[in-house]
Amino acid sequence: GQNIDQPTEMTATEGAIVQINCTYQTSGFNGLFWYQQHAGEAPTFLSYNVLDGLEEKGRFSSFLSRSKGYSYLLLKELQMKDSASYLCAVHPSGGYQKVTFGTGTKLQVIP
Amino acid sequence: KAGVTQTPRYLIKTRGQQVTLSCSPISGHRSVSWYQQTPGQGLQFLFEYFSETQRNKGNFPGRFSGRQFSNSRSEMNVSTLELGDSALYLCASSLYGNEQFFGPGTRLTVL
Numbered sequence: 001g002q003n004i005d006q007p008t009e010m011t012a013t014e015g016a017i018v019q020i021n022c023t024y025q026t027s028g029f030n031g032l033f034w035y036q037q038h039a040g041e042a043p044t045f046l047s048y049n050v051l052d053g054l055e056e057k058g059r060f061s062s063f064l065s066r067s068k069g070y071s072y073l074l075l076k077e078l079q080m081k082d083s084a085s086y087l088c089a090v091h092p093s094g095g096y097q098k099v100t101f102g103t104g105t106k107l108q109v110i111p
Numbered sequence: 112k113a114g115v116t117q118t119p120r121y122l123i124k125t126r127g128q129q130v131t132l133s134c135s136p137i138s139g140h141r142s143v144s145w146y147q148q149t150p151g152q153g154l155q156f157l158f159e160y161f162s163e164t165q166r167n168k169g170n171f172p173g174r175f176s177g178r179q180f181s182n183s184r185s186e187m188n189v190s191t192l193e194l195g196d197s198a199l200y201l202c203a204s205s206l207y208g209n210e211q212f213f214g215p216g217t218r219l220t221v222l
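Residue numbers (the numbering used here), protein chains in the order written: chain R, 1 to 111; chain B, 112 to 222.
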């Protein structure tokens with residue numbers, strides 16, 4: 001099975017940088033997803049990391065270390081609209097394995 | 112390309128009743144997954160269907176069932192509803208079961 005851990009809540013200031021961590025334990029690993037979910041809405045895809053390293057997409061970057069079972073999502077130049085929950089999800093290997101989601105990190109951006 | 116659609120968006124039922132929720136995936140997507148989301152538990156995987164076959168199943172009681180039709184549309188059914196079944200039910204479609212595109216969800220309230 002999979003075990004995914006991420007902080008429950010974080011608060012950051014508009015214009016700042018915030019890093020949301022995710023650690024996981026899994027018997028087999030294909031890749032790791034990050035999703036953003038605004039209150040009352042469906043999750044939307046942010047990134048999918050398969051290889052070690054940092055992948056940058058505009059203000060959002062995602063990092064993966066497969067050997068450490070660790071990932072983080074980096075949000076730069078925070079905007080009020082970035083207030084949302086950020087879900088880390090593991091895509092295990094071994095046939096048609098289901099994607100398993102963490103419980104999410106609720107980020108509040110304050111002025 | 113139209114996104115994932117779910118019907119109904121909101122539903123109120125009483126204990127003991129049964130309910131059927133519907134999901135239409137993105138055109139061309141053959142994988143449909145169902146999740147239950149509650150404030151305390153996050154996104155809990157229910158099951159995944161691929162080409163009309165249940166490919167994965169989460170740890171939910173047999174009261175939760177689903178099916179997929181030849182056009183990839185999927186339904187999930189919950190029988191003998193309990194208060195604890197009140198949740199947001201999300202459907203997600205993907206091409207092969209990795210990157211998932213979520214529908215808006217069905218908010219089920221059991222009284």
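Just so you know, the hints here were simulated from the structure itself, not pulled from any lab data. In this text, all values refer to a predicted model and were calculated from it rather than measured experimentally. Mixed in with the good hints, there may be bad ones.
With the C-beta cut set under 10 Å, the calculated list includes, among others, these residues of chain R facing chain B [unchecked claim]:
id, residue
1, 37
2, 89
3, 99
4, 100
5, 102
6, 104
7, 108
8, 109
By construction, the Cβ of each residue, glycine as well, lies at the ideal position given by its N, Cα and C atoms.
For each hint, the structure was consulted:
1. The beta carbon of residue 37 of chain R comes within 9 Å of a beta carbon in chain B, closer than 10 Å, and the hint placing it at the interface holds.
2. Using the Cβ-Cβ criterion of 10 Å, the hint placing residue 89 of chain R at the interface with chain B is satisfied: the shortest such distance is roughly 8 Å.
3. Below 10 Å, beta-carbon pairs count as interface contacts, and residue 99 of chain R has one with chain B at about 6 Å; its hint therefore holds.
4. Given hint, residue 100 of chain R at the interface with chain B, holds; its Cβ is 7 Å from that chain's nearest Cβ, closer than 10 Å.
5. Taken as an interface hint, residue 102 of chain R checks out: its beta carbon lies about 7 Å from the nearest beta carbon of chain B, inside 10 Å.
6. The closest approach between the C-beta of residue 104 of chain R and any C-beta of chain B is roughly 6 Å, which is under the 10 Å cut-off, so the hint is satisfied.
7. Restraint check, residue 108 of chain R versus chain B: the minimum CB separation of about 16 Å is more than 10 Å; hint violated.
8. Below 10 Å, beta-carbon pairs count as interface contacts, and residue 109 of chain R has none with chain B, the closest being about 20 Å; its hint is therefore violated.
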